[in-house]
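**Q** Sequence:
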Amino acid sequence: MTSSLRPLRIRLVDPTRVGDLLAYLRAHGCIAEQVDQVAVDVWPAPLLHERAGDGLCAACGEKVEEALRRLGSPRCHDCRNEAPNAVGVRHAALNGDARRRCRRALAELEGHLRAWRAAEGAAAAVVDD
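Sequential numbering from 1 applies to the sequence shown in this note's numbering.
Be a bit skeptical, because a hint or two may be false.
To be verified - In silico SDA-like pairs for lysine to any residue, Cα to Cα no more than 20 Å straight-line:
1) 63 - 26
2) 63 - 73
3) 63 - 31
4) 63 - 27
What the hints assert, rightly or not - Label pairs and their computed distance ranges (CB to CB):
5) 111 - 13: 17 to 23 Å
6) 126 - 62: 36 to 42 Å
7) 60 - 14: 39 to 45 Å
8) 60 - 126: 36 to 42 Å
9) 110 - 60: 19 to 25 Å
10) 37 - 71: 25 to 31 Å
Because the hints were derived from the structure by calculation, they are not lab data. Note that the coordinates shown come from a computational prediction; the quantities given were computed from them, not determined experimentally. Backbone N, C-alpha and C fix where the C-beta goes; we use that ideal spot for every residue, glycine too.
Working from the sequences, and respecting the hints, build out all of it.
**A** Printed below as a string of structure tokens:
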């Protein structure tokens with residue numbers, strides 16, 4: 001299993017199902033991108049942040065830019081520019097333990113895949129980690 005906050009990759013057998021999988025994952029709060037004909041990179045919510053579903057900055061409540069959300073930032077660009085000491089313990093609590101988040105992300109993604117397979121008639125897709 002991954003120990004960093006990089007995206008998880010899903011490989012499908014049937015390239016015609018990639019669009020369906022992308023739509024399903026995006027509808028369930030994941031950021032998903034097609035990387036080749038049969039592969040999708042996914043950032044499930046635990047890889048992004050606990051509040052990833054709303055996409056709002058934990059410090060000011062403004063929208064967090066998508067690139068920063070992918071990196072797991074709970075704060076928008078402007079709030080990230082604040083002095084690191086100004087955020088202190090609160091920032092550490094917002095980011096959480098990376099390994100725990102990765103385990104949760106993998107479990108969540110596997111759950112999404114099980115549900116998608118059931119809804120789509122056992123489409124073949126596996127997490128390629």
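**Q** Which of the numbered hints are not met once you compare them with the structure shown?
**A** 9
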